[in-house]
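Each residue of the sequence shown is one higher than the last, beginning at 49 in the numbering used here.
Since the hints were made in silico from the structure, they are not lab data.
Since this is a predicted model, take the numbers as computed values, not measurements.
Just so it is clear, CB atoms sit at the ideal spot from N, CA and C, and this is done for glycine as well.
Don't take every hint at face value.
[What the hints assert, rightly or not] Cβ pair distances, simulated, as ranges:
(1) G153 / K93: 35 to 45 Å
(2) K93 / F138: 34 to 44 Å
(3) T152 / N116: 28 to 38 Å
(4) I194 / L77: 13 to 23 Å
(5) E169 / F108: 31 to 41 Å
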Amino acid sequence: MKRVILLTLLFAFLTVTSNAQEYRTSLGLRAGLPYGLTVKHFLNKTNAVEGILAGSYGGFVITGLYENEHWTGQYPGLNWFWGAGGHVGFWDAGRNPNIDDTYTGSVIGLDGILGLEYTFEEIPLNLSLDLLPSVNLIGFTGWGGINGALSIRYVF
49 MKRVILLTLL FAFLTVTSNA QEYRTSLGLR AGLPYGLTVK HFLNKTNAVE
99 GILAGSYGGF VITGLYENEH WTGQYPGLNW FWGAGGHVGF WDAGRNPNID
149 DTYTGSVIGL DGILGLEYTF EEIPLNLSLD LLPSVNLIGF TGWGGINGAL
199 SIRYVF
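Whole structure, please, built from the sequences with the hints as guidance.
Given below as structure tokens:
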């Protein structure tokens, strides 16, 4: 909850302008939930797609997201983004200490994303901090929670 409030306050103080993107594609690691690999590719100045291949509770999840980017005028390299997409995967809920059930199988669901991203000017890296709410529609159905992660990516 603290992360949601912090991100909301930070977004409220940022002004949004249309700047050119600083990179086209990035590839890196994601630490948090879900943890794994992430790739992000810009389709144009304000829209990007992101893919996440993640380990999750003894299985894996593949997430695809369509994101809308908002560049800040005051802070070069900093943008905030939001988007939506879906996930498909296989996991073992018996390995999840937060779930009493022991579901093992496939899951398919919907995801949202809200985050901040900073791309360094001096080196080809960026950092991204995001919240990723999800709901499972098939398999272990129901609210998947609001996960969060820090990603570090090589930009090219």
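| task | Could you tell me which of the numbered hints above are not met by this structure, giving the numbers in increasing order? | result | none
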